[in-house]
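Letter by letter, the chains look like this.
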Amino acid sequence: MVKAYIGIDVGSVSTNIIALDEDNEVLFKLYERTNGQPLETIKKGLKKLRDELGKNIIVSGVGTTGSGRQLAGVMIGADIIKNEITAHAVATVHYVPDVRTIFEIGGQDSKIILIKDQMVVDFAMNTVCAAGTGSFLDHQAERLGIPIEEFGKLALTSKNDVRIAGRCTVFAESDMIAKQQYGFSKADIIKGLCNALVRNYINNLGRGKKLEPPYVFQGGVAANIGIKAAFEREVGHEVIVPKYYNVMGAIGAALLAKEAVKEKGKTNFRGFDSLKTNFVPSSFICTGCSNMCEVIKVEMDGTPIAMWGDRCGMWTEKVKQAM
Amino acid sequence: MKVGIPKALLYYYYGPFWEILFEELGMEVVVSDDTNKKLINEGIKASVPEICVPIKIFIGHSIDLAKKNVDYIFVPRMVSIYKGEVFCPKFMGLPDMIRHGVEGMEDKILTCHIKSKNDDISDYRNYIDVAEKLKISHDKLKKACEVASEKWYRFREYNKKGHHILEAIDMVNNDIKLESIKKYDNDVKLGVLGYVYNMYDGFVNMNVIDKLKDLNVDFVTFDMLDENELRKYIDDMDKVLFWTFSNKLLGAGYKFFRENEVDGVIHITAFGCGPDSFLGKLFEIESDDTKVPFMTIRVDEHTGENHLQTRIEAFVDMIRRKKAKAVMGG
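Just so you know, the sequences run in chain order A and B.
The opening position of the first sequence corresponds to residue 1 in UniProt numbering, with each subsequent residue numbered one higher.
The opening position of the second sequence corresponds to residue 1 in UniProt numbering, with each subsequent residue numbered one higher.
Same shape as in the complex, but just chain A:
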């Protein structure tokens, strides 16, 4: 039996689950599409973890991160619920201690994190525009009839520079069609697309920031060697893609959970059996004042166990007191 620390990153596109041992080695790794059902995805993922490792491990700490971190944290009894900036940075610093710049591109959002002396000194997040994210690439790969896995490799074979407008997915697409009609090869166009995506990312998120090496590139899109090469061209320097590039948030959450448990002595983990409990999330518009907050409520077997989203904190407090 070994001690294991679980990290869960609940994002809009994927839900990632990681188990680390006492020496921070990865025992279990799962990258699963969320498909708009975070609760079900977490349950399924944890069941898999239990089936694979269940008899050999003692869960000694659990951490959650990502946009669904509150919900996941309440559900399984997390020792720590952390924002994704900290979680990503902690994991990256663990693997690349002297990192200065982290490029993180996920399915629907992207961030840039600047680090100095292993500390986050600045960061930016893109939350509205999808032009620089994974779903944009997915879409274009499909349109060109190239499996997304081949996308990056093909870009590397190109010898020509084609400039594709990267400001917006819509313009990028019409520009690509035009360039195809001029007779550029698919490889050239894909390379142009990779450059456009990186240019757009740097313009949006890196504006006014001094980006210094070592650079680390992570998130689901880091699988794409074409984008990696485009980043290297843009910054004029080697860009490191860590081994567990697509689950770094979950690894960070696990590392943070380990730390948190060390401090307080025991874990709040509800146990795998708790997954059978019936959790029901719902939301309502509070009409208490003219702010009209959307309040999220999670019920466990009919009893509210967590509420958030209220600006005044009235509902949040009520549940806390009742617990």
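Among the clues, some could well be false.
Said to hold, decoys possible - Label pairs and their computed distance ranges (CB to CB):
1) Q108/A - P89/B: 34 to 44 Å
2) T316/A - H138/B: 49 to 59 Å
3) Y153/B - K262/A: 48 to 58 Å
4) I128/B - W308/A: 46 to 56 Å
5) C289/A - D107/B: 29 to 39 Å
6) Q181/A - I285/B: 41 to 51 Å
7) R258/B - P304/A: 41 to 51 Å
8) N203/A - N41/B: 27 to 37 Å
9) P304/A - Y184/B: 28 to 38 Å
Rather than coming from a laboratory, the hints here were simulated on the basis of the structure.
Don't be surprised by glycine CBs; every beta carbon is placed ideally from N, CA and C.
Chain A is fixed; fit chain B onto it per the hints.
Frame of chain A, contents of chain B only:
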């Protein structure tokens, strides 16, 4: 007669003075509601689109007061409170902007020129235009200014002893006696820099003060510092900024960065603020020089709360983690 005071812009600095002033003049004083979604939406609708959100909020508060059937809405023309410096043009043009830009306001605006050598704007001559419109004698005005001034100084005294402005206003209004200087006992102390109307309007900044409290973080602000301290680090500059409150923030920022008394500095700024484009850059340079972490929080009417929560959490987290590491000798 009912006089309305918008709970916006410099209300968070001079409110304690203006409220007493009008009460002493025999007016029924109506203060607008706390900023809320409805009020801000009405302000946005009535404003020119490109103006900053604090002004839109002020206009929303003015509309709120008009609905409360006040006879007048007090909108002073803030010109100068320091020799050679002025206010942002939007402050100087505020009465005109509302009188001519917002429907139904023409006869409601009660205004006057505020010009002063320092923060103390209690000189009765500043308010002569108001007294004349309200048909009040100069003697009565003089007396009212004296009474209001006494209260304002008390408010500033509490504020300078480490209680933030909302606490200080509360203490003065409820006649709470001040025992001593506020003590800080959390492990993290931040300098938070922002104009009073961005810093203390919990709606526009999504309760930054509460969020810091929830994270067990202490903070100091420019308004807690004495004028001498604020000017200490900018006096030797070749040229300061044009705007007094920007200079106050700059002086406070330089002090926070250079005297090594805070673990990090947060600048809260409204999207599109001209003066803050200078300030922000100066703070950035200072942060690079002193190695004190710095973060900008930009607020406007579309700010997402999750995003803000994540940013503040991440900033405080990293300070704590760095400290823990230093303790362990890592």
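We went through each hint and held it up to the structure:
no. : hint                        : in the structure
1   : Q108/A - P89/B: 34 to 44 Å  : 41 Å, holds
2   : T316/A - H138/B: 49 to 59 Å : 53 Å, holds
3   : Y153/B - K262/A: 48 to 58 Å : 51 Å, holds
4   : I128/B - W308/A: 46 to 56 Å : 52 Å, holds
5   : C289/A - D107/B: 29 to 39 Å : 31 Å, holds
6   : Q181/A - I285/B: 41 to 51 Å : 49 Å, holds
7   : R258/B - P304/A: 41 to 51 Å : 49 Å, holds
8   : N203/A - N41/B: 27 to 37 Å  : 32 Å, holds
9   : P304/A - Y184/B: 28 to 38 Å : 36 Å, holds
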